[in-house]
Amino acid sequence: MDLHERQHFDLLLQMATERLSERAVQRCEGADAALRQLRDDPDGDGVWLGDFVTAFFSDALLDNPAGAAFVLQALERQQLAVSVEGAIGDVLEQMARDAFRALLVRKLEESLSQHLAYGA
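Letter by letter, the sequence shown follows residues 0 to 119 of numbering that gives the first Met the number 0.
Since the hints were made in silico from the structure, they are not lab data. Mixed in with the good hints, there may be bad ones.
Unchecked claim - Between beta-carbon pairs, the in silico distance windows are:
(1) G118 - G85: 27 to 35 Å
(2) G49 - Q6: 21 to 29 Å
(3) H7 - T53: 14 to 22 Å
(4) Q25 - R105: 19 to 27 Å
(5) L79 - E4: 33 to 41 Å
For each residue, glycine too, the CB sits at the ideal point set by N, CA and C.
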């Protein structure tokens, strides 16, 4: 991956993390409750992680095979267990969403933990 592509991906990840962190804190009425919800049920009330990733991919124009390939290229070293069947484009998109989701969970946990530690 070229450096400018890597930078673009890192900015997208940062944007996704900030947006979801801000929304989860507001919806869960605090960073502590948001972090608990993320750990207990990331697709439950307040976080809705799956819906967020789907909407973010659409907004960032990543919800197509080329966008999926971009995400997968950026996350090439990540481990991912998959059991997806279907058209290659659909499989690529699902793998990209799953890999991005896993990374976003880690980044969101970091963000919320920092929010709690520093009161930011």
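Going through the hints against the structure:
1. G118 - G85: 27 to 35 Å: Between G118 and G85, where Cβ atoms are some 46 Å apart, the hint is violated.
2. G49 - Q6: 21 to 29 Å: Given range 21 to 29 Å: holds, Cβ gap about 27 Å.
3. H7 - T53: 14 to 22 Å: holds, 20 Å
4. Q25 - R105: 19 to 27 Å: Given range 19 to 27 Å: holds, Cβ gap about 21 Å.
5. L79 - E4: 33 to 41 Å: Check failed, 20 Å falls outside 33 to 41 Å.
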